[in-house]
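A.B. asks: Given next are the chains, with one letter for each unit.
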Amino acid sequence: MTDTTKKPEELLKLDYTPPKKGWMETPVDFKKGTYCYSAPQKHQEYLGLPYPRQWQPFDADWKLPENWKQIILEGMNDRLKKYRSFRLYMDICVRCGACADKCHFFIGTGDPKNMPVLRAELLRSVYRKYFTLGGKLFGKVGGARELTEDVLKEWYYYFYQCTECRRCSVFCPYGIDTCEITMMARDLLSLVGCNVGWVIEPASNCFRTGNHLGVPPHAFKDTLDFAIDEVEDLTGVKVEASVNRKGAELLFITPSADYFASPHWYTFLGYLMLFHEIGLDYTWSAYASEGGNFGLFHSAEMMKRLNAKMYAEAKRLGVKWILGGECGHMWRVVHQYMNTINGPADFLEEPVSPITGTKFENAKATKMVHICEFTADLIKNNKLKLDPSRNDHWKMTFHDSCNPARAMGLFEEPRYIIKNVCNNFYEMPENTIKEYTFCCGSGAGLGSDENLEMRLRGGLPRANAVKYVKEKHGVNLLTCICAIDRAVLPTLLQYWVPGVEVSGLHELVGNALVMKGEKERTTDMRGTPRKQEAK
Amino acid sequence: MNAVYLVFGIIIPYAALFIFVVGLVYRIVRWASSPVPFRIPTTCGQQKSLPWIKSKKIENPYNNAGVIGRMALEVLVFRSLLRNTKTELRRGIQKLVYKDSKLLWLGAFVFHWSLLIILLRHLRLFVEPVPAFVISLQRLDGLFQIMLPTLYITDILIVLALGYLLLRRMAGAQLRYISLFSDYFAVLLLLGIALSGIFMRYIFRVDLVSVKELALGVLSFHPSIPAAGIGLAFYVHLFLVCTLFAYFPFSKLVHMAGVFLSPTRNLANNSRMRRHINPWNYPVKVHTYQEWEDEFREHMKDAGLPLEKE
Ligand code: HEM
Ligand code: SF4
Ligand code: SF4
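Note that the protein sequences, when read in sequence, are chains V and B. Mapping the first sequence onto my numbering, position 52 (from 1) lands on 52, and the numbers just tick up by one. Mapping the second sequence onto my numbering, position 176 (from 1) lands on 1176, and the numbers just tick up by one.
Note that these hints are calculated values from the structure, not bench results. A few of these clues could be false.
Taking lysine-lysine pairs in the DSBU-like style, the calculated list, with each CA pair at most 30 angstroms apart, reads [as the list claims (entries may be wrong)]:
hint	chain 1	residue 1	chain 2	residue 2
1	V	Lys82	B	Lys1285
2	B	Lys1086	V	Lys380
3	V	Lys31	V	Lys21
4	B	Lys1285	V	Lys364
5	V	Lys472	V	Lys395
6	V	Lys246	B	Lys1285
7	V	Lys153	V	Lys113
8	B	Lys1086	V	Lys113
9	B	Lys1285	V	Lys395
10	B	Lys1086	V	Lys42
Given the structure is predicted, the values throughout are model-derived calculations rather than measurements.
Can you build the whole structure from these sequences, using the hints too?
C.D. replies: Written out as structure tokens, the structure is:
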């Protein structure tokens, strides 16, 4: 964090009363720290995106193509025909305001254009102008407005100030999902070459090397070897792990941050320990070395381009089915899109746990199982020896990540695991967990440094709920099942609730797992002494 | 004078009815002709996964029965509005609180159900003989026989509810900020209809036999203006209703039909169990394994990774 970052007290000077001046008259202001930089030209070119160029949001001239307006309007027309959600959600909002104060960005900024309903109106007003009779006839009185460069800039600002978390959709009486509208808007912006760096760069890396961080296969192999050594140091057990091995029973795919970032690393170790202990016949892939999919934050097409590797690799390696690691938006793609866009996966088998024999009926078509479903089933069938007291130095709470929560409903599996691997677990307040969970504030491609103030603001509601359990129960660890969470929540909590650390769930599983032939463990994976020893 | 009755009693109602039916059908066909490429339910409860984990069959449905249940709750009791909270920041203790806020739900619920009951009561004017359920409904609604003619509970409730919805829109700063002219217009129009109806019933009495004669005539396509004359108040009421009908398909009021089509609510969360088809799914440019291995082959060889082509 730089010293120019504002103090928490300053960020908390929030006013939820909108200004006098109407929103159509208020042009966007690109304030430092609250927006994302544009995408580097070379990555746009690598992905073959239209109108690649060097420009920045704070420039007066965005160097838009000559006929940009026509491109956007034609793009809109096309998407209105392709997505019922888009057309319907443009038409039926009654502006009841139920969604208004449900968005973490509104709560953290007080900016009325961060009310989901107004975020949608930014696009809807243009829809009215060009696609409805009322808008054409009555103009502004009918809620319609001209598409201008200022409007386009406003879109860029506010549609990259939505983390596609879908919280608004839970509260809307028609289920209007502002995430859908944001997706359309981003897709449209991309048609005229307006993309953010933190989406396009990972996407381009992923397209080339197989993962967002741009880790090439040999480096991937190196880290894996390094992790295997670290597990041995820690436990005295030499685990095995293979890369691109044909004929393995399962392919395991997790976000690349798990093997290249901290605190993800410990979750990575946790996976290695678990799979070794149960004797799983599985392989990693360096080609499909990314679970996450930043294409989702760009367009349906980019999502499909990146996701294609999963099935392609599973087919090439001849595995039976795919097991997926802890990640939020990855599971949005796997659960709600993958089989539709890149299926059918008829070359795979219906997933059955090789350890317990459990059939994962809920994944029988997509043939990909969530690690939490897998591990919960192991525990239920007594296949693991667990010593939860090894996590006694932690008092933990669990953060439901947006996508597994609101695009899947994965609530009880992780909680069941938590209750078996640790003794001190405290839930955050009801209005902030499960389907009501608050976003980390940095998802959907907004996690870049230049956008830090906005991320801290967006993360306020989450952090505030953590603060509550910290004060009430002395919570010192937030555990979660998402790689973006693990990347951004440490910064966020350090700022709002110092003293609370962040971990993945399988880190805690790894800590608690009693392995055959292991030596006595005096510390957890992070080198923190266990509670008994600490006394 | 006859020409005026002709316009307001027959021509405008036909025009309004025509616009309503054609407009609404057009709207629905428009929505329905855009496909649902992806299965995107918003899940509000535990998924169906392992057999020993209890799933929420309605908040997160995995089959059609669950979806029907979910939709019924949305349409009949406005389930999602029941979740509403109000966010407040207690600045002193730096705490965000989310207070239960069910007033909007109550206002919406009372308004819509009153409207439905009132519309059903109107059937006695359009159907001969009057169906039995309409008569019972009318009895039930008129349980408070404190006035003559019978005072209907829904008449009072709809005015109160609409008044609340209007006030709420004008008084709340956030809501005022997002409101468009059409948002006020819809409520005012409905309020106008309700009030003119009430006035007609209790103050400026009209001849109901003639009203029914007109209505049956219009509906059977043998329209005629009743000889007895109906009264001005009726024509005011009728005109406002016609305005509503004609306005309906072009306004947010189409949410009545749209709510049934919303893909975040009307789809089962079963996309890993059954493949959902996107009719416009098209091939895209991917980075194949071959291309990838070609780029990294030497490094992979050095690292001892298996290769397809040595
Ligand atoms: C299946 C039928 C319907 C359902 C499920 C439904 C549902 C809802 C819901 C949940 C709201 C939001 C709460 C509110 O703002 O009051 C709403 C608003 C509204 N509805 Fe409906 N509705 C239906 C039919 C109708 C009809 C037939 C009309 C009028 C002709 C109507 C007029 C309105 C109006 C004017 C509002 C906005 C109230 C405001 O300004 O606050 N609705 N509807
Ligand atoms: S809750 Fe739904 S209908 Fe109400 S304002 Fe928000 S998007 Fe519109
Ligand atoms: S999807 Fe999330 S971030 Fe986007 S408008 Fe809705 S609540 Fe806000």
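A.B. asks: All the hints need checking, so say for each whether the structure fits it.
C.D. replies: To see whether the hints hold, each was checked on the structure:
In summary, the hint linking lysine 82(V) to lysine 1285(B) is supported, as the alpha carbons are separated by about 20 angstroms, within the 30 angstroms threshold. Between lysine 1086(B) and lysine 380(V), the direct Cα distance comes to roughly 40 angstroms. Violation of the 30 angstroms bound is thereby established for this hinted pair. A threshold of 30 angstroms between alpha carbons decides the hint, and for lysine 31(V) with lysine 21(V) the separation of about 19 angstroms falls inside it, so the pair holds. With a C-alpha separation of about 28 angstroms, the suggested pair lysine 1285(B) and lysine 364(V) falls inside the 30 angstroms cut-off, and the hint holds.
Between lysine 472(V) and lysine 395(V) the CA atoms are separated by roughly 11 angstroms; this keeps the pair inside 30 angstroms, and the hint holds. Proposed proximity of lysine 246(V) and lysine 1285(B) is supported: the alpha carbons are some 25 angstroms apart, at most 30 angstroms. Straight-line distance between C-alpha atoms of lysine 153(V) and lysine 113(V) comes to about 13 angstroms, which keeps the hinted pair within the 30 angstroms bound. Distance check on the hinted pair: lysine 1086(B) and lysine 113(V) sit about 18 angstroms apart at the alpha-carbon level, within 30 angstroms; holds.
Simply put, lysine 1285(B) and lysine 395(V) have alpha-carbon atoms about 47 angstroms apart, too far for the 30 angstroms limit, and the pair is violated. Of the pairs offered as hints, the one joining lysine 1086(B) and lysine 42(V) is violated, with about 46 angstroms between alpha carbons and a cut-off of 30 angstroms exceeded.
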